[in-house]
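K.L.:
Spelled out from the first residue to the last, the chains are:
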Amino acid sequence: NAGVMQNPRHLVRRRGQEARLRCSPMKGHSHVYWYRQLPEEGLKFMVYLQKENIIDESGMPKERFSAEFPKEGPSILRIQQVVRGDSAAYFCASSQDGRYQPQHFGDGTRLSIL
Amino acid sequence: SQQGEEDPQALSIQEGENATMNCSYKTSINNLQWYRQNSGRGLVHLILIRSNEREKHSGRLRVTLDTSKKSSSLLITASRAADTASYFCATDTGNQFYFGTGTSLTVIP
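Chains as they are written, first to last, in my numbering: chain A, 916 to 1029; chain B, 456 to 564.
Incorrect hints may appear among the rest.
[Claimed, not checked] Partial list, derived from the structure: chain B residues whose beta carbon lies under 8 Å from chain A: (1) Gln-488; (2) Gly-497; (3) Ser-506; (4) Asn-507; (5) Ala-540; (6) Phe-543; (7) Phe-552; (8) Phe-554; (9) Gly-555; (10) Val-562.
Keep in mind that the hints were calculated from the coordinates and are not lab data. Using N, Cα and C, we set each Cβ at its ideal position, and we do this for glycine too.
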């Protein structure tokens, strides 16, 4: 499968724990985007990364959230000290060329906070 | 907010009928894209239309863009049950990328 791979598909955490969401972009893609989707809503942009660089994190909450896309390995979205309001589906997308070109999406990680 | 708004929020049609969804936005754009999302899955890119284009076709899809009205429409002709999904528009303003709130389409066999 050469598509965008996200894991885990489902993640359950208790309040105060850490959540780590992983995303492997399509082969040959160096641009990665993270989005959050609440039920019955559209996607909200969080962060845009290229290899080893954060290009735009204007959609990321200032605290507890961080993202990285290392030279080797998947992109990671990390949420520290999770709260109930973090419950959502988190989608990763990748593109081959620059920003705003057609993006290829993974099937998301559904995060549930107990 | 620049976020596009799709209209209607929900649409239910019979198989074989045409489905039209609209997207309105607020500021000037470089391009507008339409995506489809099946329940529980990620989004799939359907079509991209640039700001200097007025109409684009892809199979049973037809997209129009009216930059003077800041609106776009997605037409699906001869709909099939498999077209049942949510459809989102996304706007590229040059330094931001926004998804709309989506239209939920149900095609009844």
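K.L.:
So, against the hints stated earlier in the document, which numbers end up violated here?
P.N.:
3, 4, 5, 10
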